[in-house]
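Protein chains: 2
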Amino acid sequence: MGKLAGVLIIGNEVLSGKVQDANSPFFARALRDLGVDLRRITVVPDEVEVIAAEVRAFARAYDFVFTSGGVGPTHDDVTIEAVAHAFGRAVVREPTLERVLREFYRARITEAHLKMAEMPEGGELVGADSLVFPVIAFRNIYIFPGIPEILRQKFLAVQERFRDAPFQLQQVYVDMDEGDLADALHAVLREFPALQIGSYPEMNAPGYKVKVTIEAKERAPVDGAVARLRALLPARAIVRVD
Amino acid sequence: MGKLAGVLIIGNEVLSGKVQDANSPFFARALRDLGVDLRRITVVPDEVEVIAAEVRAFARAYDFVFTSGGVGPTHDDVTIEAVAHAFGRAVVREPTLERVLREFYRARITEAHLKMAEMPEGGELVGADSLVFPVIAFRNIYIFPGIPEILRQKFLAVQERFRDAPFQLQQVYVDMDEGDLADALHAVLREFPALQIGSYPEMNAPGYKVKVTIEAKERAPVDGAVARLRALLPARAIVRVD
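Protein chains in written order, with the working numbering: chain A, 1153 to 1394; chain B, 1153 to 1394.
Just chain A, with the same shape it has in the complex (with noise of 0.2 angstroms):
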C-alpha cells in the first residue's frame, strides 16, 4: 500500500470564512503529484486540546501528518504546544532557531519573537541544508505557517522525503447523463476492484457531460478499466481521454 497522509489546517481565521484556505489545495495537489495519498483535511480552531486530540488521532493514522498555521508570536498561535500536548512532551527552546530569530531581530527580539524557537521536546529540524528557518517536525509530524507562500516555500524544500510510487490517472470524458453512466461504471469496478473510480458531472463543460477518472499506482488495471469502458458505452460517448 502506498502512503497516507492527513493535512490539519489550525486557523480561526478560516473557520469564520475571513480567509480562504489555499494551503490545502496547495497540499492536495503537491502530495498527489507525490504519490501520496492524502486521506483527510481538517480544519480546526485554535485551541489546543482540539489540536492536540486531532494530531494524536492523525499520526497514528497517517504516514505523515502536515499542519498548517498557528506559529506566529501571538497568544493565538498554539500548535507548538498542542503538538507537545499530544504525545506528553514539554516545549523546549531550540538553539538553531533562537540563533536565526536572534540574528535577524537583533536588538528589537521580544519574549513573543522567541517564542518562534519553540518546538516539542524529541522533535527534529528539516530542511536545515537548504531552509533558514527549517521545518519543525515531531515524529511523523510535520508543522507548517499558515502564510501560504512561506508554506509553499518551506514544503519544496523538504518534500522530496515523502515521495512514493506515482498515481496513474487515465481522465474518459463522456457525453452522457450520469444516470445513463452508472451501471458500465459499476461493471469496470465489480471487474477491476482495486481502482479508484470517481465521475463527476460537469455543468457548463463543452461537448461532453461527464468526467470519468480512473485511477491506481500500476497501470495496467487503468488502461485495463478504460479499454472496458470504451467497449461498454455506444460509439462516440467517449469524447476524449487524458
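Be a bit skeptical, because a hint or two may be false.
Pairs count within a copy or across copies, as identical chains cannot be separated in the list.
As a list, the in silico DSS-like pairs of lysine-lysine whose alpha-carbon atoms are at most 30 angstroms apart [what the hints assert, rightly or not]:
hint: 1; residue 1: K1361; residue 2: K1155
hint: 2; residue 1: K1170; residue 2: K1363
hint: 3; residue 1: K1170; residue 2: K1155
hint: 4; residue 1: K1170; residue 2: K1369
Keep in mind that the hints were calculated from the coordinates and are not lab data.
With chain A held as given, fit chain B onto it using these hints.
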C-alpha cells in the same frame, strides 16, 4: 452559547487535488453571516465507514451538520447510505423525490437516477416550499450536493432556520511587527477573556503589517477591547479600525 456547526465535505476529487473545494469556504462565510459558529471542516473520501463515523461524531458535537458531495447516481455516491448506516437506519425511497425525478427524466429514467430519491429512514425534506428538489435532512444533518451552484441555491433557500444572534467584529489594522504586538494582545485578552482575538500578519498589505480581529456575540467587550488596545499601543500604530 451560540449555535455550533460542522461541515463535512465528501470527495476523493478534493483530497486528490483534482478539484478545489469551493463549498467549505461558502459554508464558512454563510454560517458566519448567520451568527453560527463553524467549529470544524473535514474532508473525507467517498467511503461509507469513514463518512458514517464522521457524521456520527459531528451530529453529537454540533447543533447543525452540513454535508456536501456524494449524492448523485453513481457508485461513488455513498453519502445517504453512510448517514443511514451511522444511525442504524435503512435507506428508503422518498415518494416526493421519486415523483420529481420521474417527471424530469420521463421515459429515460433508470434505477441509477432513482438512487437520487433515496434518504435515510426517518429523514425529512426541507425547503419543499421553494425548491423543486428539496434538501434532505436527517436529525441535525443537512445533506447537500457537491456541485457548488446547486449547493448555494439550496442553502440560501433553507438558511433562515439556522440563524442565530450575529457576531460583533472589529478589525484593527496595526503597523507594527506581530512580535511587538503580542504583549498588548495578551493584556487585552486577560481583561476580556470571552473575546476571540485573532492576529494575522499580512506580507504585502499597504500601510499596515498585522490585522487584529476582535470578536464576540456582545458589542460591549468588543468596543472595550478596541479602546484598551488604542491605550496600550503607541500613537499612530493603529492605522484603521473597521
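Structure-based check of each hint:
1. K1361 to K1155: neither (33 angstroms within a copy, 39 angstroms between copies)
2. K1170 to K1363: Answer is between; shortest inter-copy Cα gap is 11 angstroms, intra-copy 33 angstroms.
3. K1170 to K1155: Classified as between; 19 angstroms across copies, 33 angstroms inside a copy.
4. K1170 to K1369: between (38 angstroms within a copy, 16 angstroms between copies)
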